[in-house]
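Colleague: Use these hints to put chains B, C and D onto chain A, whose structure you have.
Chains as they are written, first to last, in the numbering used here: chain A, 1 to 366; chain B, 1 to 366; chain C, 1 to 366; chain D, 1 to 366.
For chains that are exact copies, the list does not tell them apart, and a pair is met inside one copy or across any two.
Lysine to aspartate or glutamate pairs mimicking DMTMM-like chemistry, simulated, CA-CA at most 20 Å apart: (1) Lys143 x Asp46; (2) Lys320 x Asp257; (3) Lys49 x Glu61; (4) Lys99 x Glu73; (5) Lys303 x Asp257; (6) Lys320 x Asp100; (7) Lys99 x Asp314.
The hints are simulated quantities; they were obtained by calculation from the structure and are not laboratory data.
Given next are the chains, with one letter for each unit.
There are 4 protein chains.
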Amino acid sequence: MAGNSFGEAFRVTTFGESHGPAIGAIVDGVPPRVALSEADIQPFLDRRKPGQSRFTTQRREADQVRILSGVFEGMTTGAPIGLLIENEDPRSKDYGAIKDLFRPGHADYTYWRKYGIRDYRGGGRSSARETAMRVAAGAIARKVVASVSIRAALVQVGTNAIERARWDWEETERNPFWCPDAATVPHWVAFLDEVRRAGSSAGGIVEVVACGVPAGLGEPVFDRLDADLAKALMSIPAVKGVEIGAGFAAAAMPGSDHNDAMRMADGAVTFLSNNAGGVLGGISTGQDIVCRIAIKPTSSLAKPQQTVSVAGEDAEIVTKGRHDPCVAIRAVPVAEAMVALVLADHWLRQRGQCATAVREDRGFNK
Amino acid sequence: MAGNSFGEAFRVTTFGESHGPAIGAIVDGVPPRVALSEADIQPFLDRRKPGQSRFTTQRREADQVRILSGVFEGMTTGAPIGLLIENEDPRSKDYGAIKDLFRPGHADYTYWRKYGIRDYRGGGRSSARETAMRVAAGAIARKVVASVSIRAALVQVGTNAIERARWDWEETERNPFWCPDAATVPHWVAFLDEVRRAGSSAGGIVEVVACGVPAGLGEPVFDRLDADLAKALMSIPAVKGVEIGAGFAAAAMPGSDHNDAMRMADGAVTFLSNNAGGVLGGISTGQDIVCRIAIKPTSSLAKPQQTVSVAGEDAEIVTKGRHDPCVAIRAVPVAEAMVALVLADHWLRQRGQCATAVREDRGFNK
Amino acid sequence: MAGNSFGEAFRVTTFGESHGPAIGAIVDGVPPRVALSEADIQPFLDRRKPGQSRFTTQRREADQVRILSGVFEGMTTGAPIGLLIENEDPRSKDYGAIKDLFRPGHADYTYWRKYGIRDYRGGGRSSARETAMRVAAGAIARKVVASVSIRAALVQVGTNAIERARWDWEETERNPFWCPDAATVPHWVAFLDEVRRAGSSAGGIVEVVACGVPAGLGEPVFDRLDADLAKALMSIPAVKGVEIGAGFAAAAMPGSDHNDAMRMADGAVTFLSNNAGGVLGGISTGQDIVCRIAIKPTSSLAKPQQTVSVAGEDAEIVTKGRHDPCVAIRAVPVAEAMVALVLADHWLRQRGQCATAVREDRGFNK
Amino acid sequence: MAGNSFGEAFRVTTFGESHGPAIGAIVDGVPPRVALSEADIQPFLDRRKPGQSRFTTQRREADQVRILSGVFEGMTTGAPIGLLIENEDPRSKDYGAIKDLFRPGHADYTYWRKYGIRDYRGGGRSSARETAMRVAAGAIARKVVASVSIRAALVQVGTNAIERARWDWEETERNPFWCPDAATVPHWVAFLDEVRRAGSSAGGIVEVVACGVPAGLGEPVFDRLDADLAKALMSIPAVKGVEIGAGFAAAAMPGSDHNDAMRMADGAVTFLSNNAGGVLGGISTGQDIVCRIAIKPTSSLAKPQQTVSVAGEDAEIVTKGRHDPCVAIRAVPVAEAMVALVLADHWLRQRGQCATAVREDRGFNK
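Here chain A stands alone, though its shape is the one from the complex:
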């Protein structure tokens, strides 16, 4: 009801503000006897961690996650998993200056209208800080759908798109942008340096691909797999659009080009194209699931902007805090995590929470 939970069978509930003592989550519905430790989660948090290049915020956070429950002797027990990360570098003083001003493009004004109270410390609950817990939960979700590989890449920054013909997944690990096209990297470097000098910011487009999703995942009508993916991805801060498969381009295609023809090959159904993006009628086809999201440019700018104050007066605002010139970069691991959450949830909705345990033979009294 209050919006801080995601999923039904694999259910994540998070808490925590940008400048509070800690952020945390409870992951409920994880099947028993899955090998799990902090070492399975930390690498994904490190991918999202700020301060890794001059293109992301310089805020310093170790983001060390602790598992507080649900794991015994290295295996999940089926009990809820409590996760905790202490905040290390709040720097509230950064925000005192804009204490009474609404930052344009931020949730400051809308939260204040909804709740009638203002936590001015870096946006409080509305800060992207909460996405760390999405990434931690996503790492656990990956263990539930272990046969699925979920990867994302940044395919456009500002007006500069990659050349898809040069796509190389390994390249995404070699540059600070998760860019799959080595030749595009220097252009983004130059572009973002210019953006920062201009006191402005840039947006981008992220593509997520899930390989190995079995056919038959998803629900009819409302809880379609693609509908839940759309919700999960649109819930990421700064996302303004979501598309699957051919996406918006599908509107301009004739049906004869868009339909993915089907053929048998080695006794298996195959598709001759994937304009569907791996989902038909809301249920997975067995092909790769391919989604793209549009991320708006960072709202916090070094250059002055027109705004109003809590007192209802016109004002100018300059945000001095540490911010990402292009939040799309750090959205990459978050987008992967949200897709993992959706797949784990639909997996368990279909397979059942404890299926692995209840089906297994424990030597007597079956």
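Modeller: Structure of chains B, C and D alone, referenced to chain A:
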């Protein structure tokens, strides 16, 4: 869990197959003492009804809705509202020919993989027939958010987009496409006639605008208003993309252009632009909510397509059934309805289900 | 949210008022390929049907149920199952006399306080008429947990309890009270005739037993199997108490007597007693699940009672409508149904909705 | 789905095992601008805390709660409230001896059957340790329904019931049993000392009373206020029965005695008795809500019991751990907390989550 319900405080659950005896819905959470009758719902169903022009399926359905509960002496009672529409024109014979073939671009294959059973009668549950109940429930949702006006228009068919400068809401009621630009209509007529002759189909883009939404609607983190809108709209059959405000274009904008500047006017906060599309941080700003969805071309084609059979053999398929050459047309009233469902749900999540009743003074024992 | 749904994985949503045109339900989450037809449901509705003896209301209802969706060629498809029963014998005139009076012991006053509106026709939504849909849904739930047998009996009427030593399940089908003790039946006949003559009413105690429930069903902490059973049974109209196993008597037992000792027998765990009633820590043990519920005496009385009017004035009320002198009798099939709903829900939460379908081999493309 | 959450509008999710590093909870849906600090929660945790008399377990836990989010400058913000208590005194060694044995009357066997894994450390998730988080969340719930007073008392220990005529709420704070009848206390002292000497244990009955609940709270049909109370109370470890108002005694009462007559007094509706226990048709009447629960005797006994091992062999077990001879004592504050959770949830379902904030005037742009 099984995907046939939408919403939490304003909750709609639907049932019914394309060729079963009837389709229906239960709308739970409607506040008491709202004036309601079939006459409030039927006009919206008539907008969606097939067979209204040569550009939509010729299937004949009166789509007469009956209210079976929840209304007493013309007013809602707070009890769940049961809705029923009898199916009149199933024509199952149309489908016998493709009984054992999977229609490319349809849910035939994925439903069969998920459920292990095949209801070949026009797609059964996966048919767009179920959207009639979304429209009926949406009409009730509009009564809950009576101060909000929700309208949609078709802004692109195939590659032909409207001229936004010529946008006229009244024009949408004068042509069979819900097109807001009179000058574009003849081009679409010619284009779709050509598409039909070619035995192909076309996609399109629908824009939905909600005016009068108060600031402060929506939840943080996961159940953001825009996230729920994305889910609601992506759940409409054939939708492949959803965007809000500037949408995908936001990725290419500098932050200084994208942020909507704020000023006071007559003691009220105003925004100098609406790139946000009426939502910041997942919560409404008080501006218009503006969404666009991409609809793929109709999957059923008169021209032969490659497919496979239930028995796992290659085959060719030609769908003779009555189909819309461009399903985007009939998606217009459905998109309006889904936005209404989301707004009514968040409205009640915030205001409370029975707020109107419990707050009112009934003369004693307050 | 609005209270008309039950269950998560096996989810039932009902609608309908005592004197509206029809009552209905949507059962969502039923696994595919379960053989189902009206003939599987009707016998259970007939057990609950009024007018079967002089000890139940004389209202005449055929209670013929129609399945409107979710079944194709005699098998469930995994789509939601729509159920409908037309009301035949409303007789609203019976209620005109008490149009403005609150019936003591009824929901008239509380509904009016909650909703601020009054549907005086036999209690509207609060009438026990809605329990017909619980019984219909319960019949479908039984098919989901086909290996479980769920039976109930009336074990006390007013102050007259049965002799447990004479318990005979077959006897419950031979008398109008579902009484398992033939020797007690004549006492109840005499007692209830006296009660009716006195213009009063009587309560009773119902016991429900579920045999064949596998060990391991239920969830920890909040959604315990016994907690959900308590909710399900307390939600039946007129129920004032629920107990499981030893129930309230457990409070007076020493732990050494109450604990059910465990021994191995033929390689299986067995218990030497069942004070737990088949549930430990909220999860099933594999023993019979045994619950008892206390039903208050019928609120509608032929003798005058003190009440107040909608206008806030003292008044006297005599209810002339057709009522059961002892609603506990007709609560028997309803109690069975509610236990079936809980077991089917926990079964699917554990096993997964589509487990049967997704696990099965369909010849290719596994 | 996985059972570790309670409530819809006021939603509590807990985690933590008896011998893990910590236990915690997330309370979501708390309205904004409610004054809250650890000092509002700690006193209720102290009431539940073990080791306060020789009649409760000697395990030493400070149970110091930390609020990690959702509160800013002493007021709730509407963001989820993260709660954490570090475990101080696990003493896992106590449990090594029974590592491979199922304790009769415990969840050891059922959890092992459900999850296929065994956390033998004091029952892990099934330990009553988790109830500390129910009490902490209940303290927050009390702030949401500030006008309601929720109190509980122990009214029976073993076979010794109090004398209701001597009921004195203040006395409950003066003895270690929360006993409202001073004259009964010495009998319980003698009885429990004898029970402990015998290596046995005792059960009891707890009564909870909520005063000041407004009329009109609760939902129809399934989510009745009494149904949710029954679930909440039955979910407390060791509870075997729940009743409301006259409870099981209602079965033996004639309707003319059981119905609570209604009269006007000072322009308000009043009832001449409260056999309903404050709920009619699942909705509150405005009278006190009165519930009773039966708690079974502690399962862990000093005297030997028959059991089986994980390996499927007969065995004898003697539990040496620190246990309450009568868990009913510590169930008193837990029962109060569960009633508070139910009332806060139904309060917000009706009034709306943010009602307080959205209704208030913030000077402009209403």
